[in-house]
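First residue of the sequence shown: 633, per the numbering used here; consecutive thereafter.
Hints were generated in silico from the structure; no laboratory data involved.
Heads up, some of the hints might be wrong.
Calculated cross-link-like contacts (lysine to any residue; reagent style SDA-like; alpha-carbon spacing at most 20 Å) [unchecked claim]:
1. K642 to D667
2. K634 to D680
3. K707 to D647
4. K634 to E686
5. K672 to S711
6. K672 to I712
7. K672 to C696
8. K707 to L641
9. K642 to Q694
10. K672 to D713
11. K642 to G671
12. K642 to T703
13. K651 to A670
14. K642 to V668
15. K672 to I705
16. K634 to K672
17. K707 to I688
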Amino acid sequence: MKATVIVELKPSVLDPQGKAIQHSLSTLGFEGVEDVRAGKLFRITLADRGQPREEIERQLRQMCERLLANTVIEKFSYSIDD
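All chains, full assembly: derive it from the sequences and hints.
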């Protein structure tokens, strides 16, 4: 089973990396880019142990809250690919 986790800065947090990317895109001639927010993407392969979906989601939330995301400044979302 595979899961995809996306971690992004919360909207209220400044994103200097995103601003630098936005500026670089403009410099390269890509006009009309109003905003860029940088983030992280994790693709996680989970062993199929016959767990119910609720348990897998609980484990993914714990992974995000304990390691993958800094929940003070970042938000996360995940999807499970069956």
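Quiz item: Are the Cα positions of K672 and C696 separated by 20 Å at most?
Solution: Satisfied, since the Cα-Cα distance of roughly 12 Å is no more than 20 Å.
Exercise. Sort out whether V668 lies within 20 Å of K642, counting only the CA atoms.
Key: 13 Å, holds
Quiz item: Within 20 Å, alpha carbon to alpha carbon, are K634 and K672?
Solution: 17 Å, holds
Quiz item: Taking 20 Å as the top limit, are the C-alpha atoms of K707 and D647 close enough?
Solution: Cα-Cα ~13 Å, so holds.
Practice problem: Take the C-alpha atoms of K634 and E686, compute the straight-line distance between them, and say whether it is at most 20 Å. | Solution: 15 Å, holds
Practice problem: Would you mind confirming whether the straight-line C-alpha gap from K707 to I688 stays at or under 20 Å? | Solution: 19 Å, holds
Quiz item: Straight-line Cα separation of K651 and A670 no greater than 20 Å?
Solution: 9 Å, holds
Quiz item: Is K642 close enough to D667, meaning Cα to Cα at most 20 Å?
Solution: Holds, at about 14 Å.
Exercise. Measure nothing beyond the straight line between the CA atoms of K634 and D680; if it is 20 Å or shorter, mark the hint as holding.
Key: The hint holds at about 10 Å.
Quiz item: Is the straight-line distance between the alpha-carbon of K672 and that of D713 20 Å or less?
Solution: With Cα atoms ~18 Å apart, K672 and D713 stay inside 20 Å; holds.
Practice problem: Quickly compare the C-alpha distance for K707 and L641 to 20 Å and report which way the hint goes. | Solution: Given pair K707, L641 holds - Cα atoms ~6 Å apart, limit 20 Å.
Practice problem: Quickly compare the C-alpha distance for K642 and Q694 to 20 Å and report which way the hint goes. | Solution: Between K642 and Q694 the Cα gap is close to 19 Å, so the pair holds against 20 Å.
Of the numbered hints stated above, none is contradicted by the structure.
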